[in-house]
Amino acid sequence: MPKSVSYKTNSIVYFKGDINEKIYILNNGRVSLNYNDIETGQEMHDLIKTGEFFGVKSAMGKYPREETAVVLQDSSMIAFSVSEFEQIVLQNTRIMIKMLKVFSNQLRRIHKQVRNLLRSGVDVSDPETGLFNIGEYYLKVRKGKQAIYALRRYLTYYPSGKYASEASRLLESAESGSVPNLAVSSAGSSRQSGADLSEIAKSYYNAVSLFSQEKFKEALSGFQKIIEDGVDGEYEAKARYEIGRCQFNLQKYELCIKHFTSLIQKYPKHPDLIDSLFYVGKSYEEMGTIDKAAGFFKKVIAMAKDEAPIMRKAKKALKGVEDK
Amino acid sequence: MALDLSMFNRFAVNFQPGDIIFCEYEPGDNFYLIQSGRVQIVKIIDDLEKIIDILQPGEIFGEMAILEEAPRSASAVALDNVKALEFNRENFEILMKGTPQIALKLLKLFTKRIYDQKRRFLILTLDDPQAKIADVFLMLSEAQPIHDESVNERVFMTTVEDIAHWAGVSPVESKRILNQFASQRRLEIFPDKIVVQNINDFARFVSSKRRSQVSE
Chain A
0 MPKSVSYKTN
10 SIVYFKGDIN
20 EKIYILNNGR
30 VSLNYNDIET
40 GQEMHDLIKT
50 GEFFGVKSAM
60 GKYPREETAV
70 VLQDSSMIAF
80 SVSEFEQIVL
90 QNTRIMIKML
100 KVFSNQLRRI
110 HKQVRNLLRS
120 GVDVSDPETG
130 LFNIGEYYLK
140 VRKGKQAIYA
150 LRRYLTYYPS
160 GKYASEASRL
170 LESAESGSVP
180 NLAVSSAGSS
190 RQSGADLSEI
200 AKSYYNAVSL
210 FSQEKFKEAL
220 SGFQKIIEDG
230 VDGEYEAKAR
240 YEIGRCQFNL
250 QKYELCIKHF
260 TSLIQKYPKH
270 PDLIDSLFYV
280 GKSYEEMGTI
290 DKAAGFFKKV
300 IAMAKDEAPI
310 MRKAKKALKG
320 VEDK
Chain B
0 MALDLSMFNR
10 FAVNFQPGDI
20 IFCEYEPGDN
30 FYLIQSGRVQ
40 IVKIIDDLEK
50 IIDILQPGEI
60 FGEMAILEEA
70 PRSASAVALD
80 NVKALEFNRE
90 NFEILMKGTP
100 QIALKLLKLF
110 TKRIYDQKRR
120 FLILTLDDPQ
130 AKIADVFLML
140 SEAQPIHDES
150 VNERVFMTTV
160 EDIAHWAGVS
170 PVESKRILNQ
180 FASQRRLEIF
190 PDKIVVQNIN
200 DFARFVSSKR
210 RSQVSE
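Chain order of the listed sequences is A and B.
Start counting the first sequence at 0; every next residue gets the next number (numbering that gives the first Met the number 0).
Start counting the second sequence at 0; every next residue gets the next number (numbering that gives the first Met the number 0).
Just chain A, same shape as in the assembly (with noise of 0.2 Å):
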């Protein structure tokens, strides 16, 4: 049971360095947590509001108190045992969520003091570079799924970055399965060969974030400026894919299944091309033929792997359908 209990005037709750079980919220009088800043040192002093709790984190985790407890005037307060505590917050979330907030900012800012401490010496990478260094790295250890997943996210958050051009280009590399000459590539010489296709690559990735950012109508006219250009083969099937995504995405859906319908005709073999009969369906659904819907998604879940993600959407989709 949770106890009420009274301190005079500069007694303490606890020391800094007990093991101690005990959570406690403050009903009336001052009481101050007294401890040393961990970087300067400095002796510091945090006075606890009434209705305020404390002593959670080291209750809670099992270990010595990191701080003192010294009443400053008269004070009663409540003390909990760490299961009574959990059965408060399980039936008050809002308590809780305030003390997730509190901790997760106590858990940054010792994470910035310890990236602090390591950065003399260790050079420590900005976000961007950082994430491209992945990539380059997982296709130069052949692990080209990685890779893949790597310089595509790279290219989604940096798509005019300063690595871009050349992500997209070891992109092509993954993607294809070779493993590219890191060596030159890094030295920074000859890159003819591969001059014409980045750019494509590169408005390319362009569309596809500007579509991540549901800006459908200038993803469309991004990806229809790239089988205008009509350049690159490949990149020309991708942005057809993309084009009826938009569409959809646009809720302009007969477009969007003559789109596909087409597609599928000229690419038998798309590498998206379950993908694009489900959007079809998708596309039936919202235009209540229910029955042509239907069909989509069992061709769907006829053609697709049972543990692609798309293969769940069609079974919720066929359900859904089913259900109507």
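Hints are supplied without guarantee of correctness; some may be wrong.
Some chain A residues well away from chain B (every beta-carbon gap over 10 Å; in silico) [unchecked claim]:
id	residue
1	G60
2	L117
3	I289
4	D322
Simulated crosslink set (DSS-like; lysine-lysine; CA at most 25 Å straight-line) [claimed, not checked]:
id	chain 1	residue 1	chain 2	residue 2
5	B	K174	A	K100
6	A	K48	B	K208
7	B	K111	A	K100
Just so you have them, the derived chain B footprint on chain A, three or more residues with Cβ under 8 Å [claimed, not checked]:
id	segment
8	84 to 95
9	103 to 110
10	133 to 144
11	148 to 161
12	207 to 217
What the hints contain is simulated information worked out from the structure, not anything from laboratory work.
All C-beta atoms, glycine included, are put in the ideal place defined by N, C-alpha and C.
Got chain A; can you put chain B on it based on the hints?
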């Protein structure tokens, strides 16, 4: 604590072995609760992929995203076929109201992480690299389950690179110091583990260094 999470099925995501769930340096906006399969937390340090942690079903990762979209500090990679629940700041409130136990779990995770980081900070504030490395062993020893107090020997399933990472000392320098400790018979280095002969000897060494630093 057995939780009924079926109401969150719409947040379920699946990954195949080797899939990157999120990548170091990527802006983070989701956090995950593993339902099945294991997830590796890795970081690329000096052109080597280092496994920092292997997480099991029931564990949470990516939790820093709850507060703000800072770059990820490590990558999460699926080790098996992984099913996880994916949450973001928007649906976090739904999660909290539906299953406050998960929030409680997060609260505990934060207390542990704050403590671990503070402990690490203390190692880094030591000036002497030897003391830093000795203090890493003290930290690792504190994290082990309670020992028989009368036995001073400690076995750590760790490597020179790990020790270097925690101490913030270069691997070359760390290796030199560890070899020096080994020649003084204070520890023994094996390919997969390091055995410290007398942990109390290290404790005395570190605390005397810390005291002399304060009085300087």
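Ascending list of hint numbers which this structure does not respect: Hint check: 1, 2, 5, 6, 12 fail, others pass.
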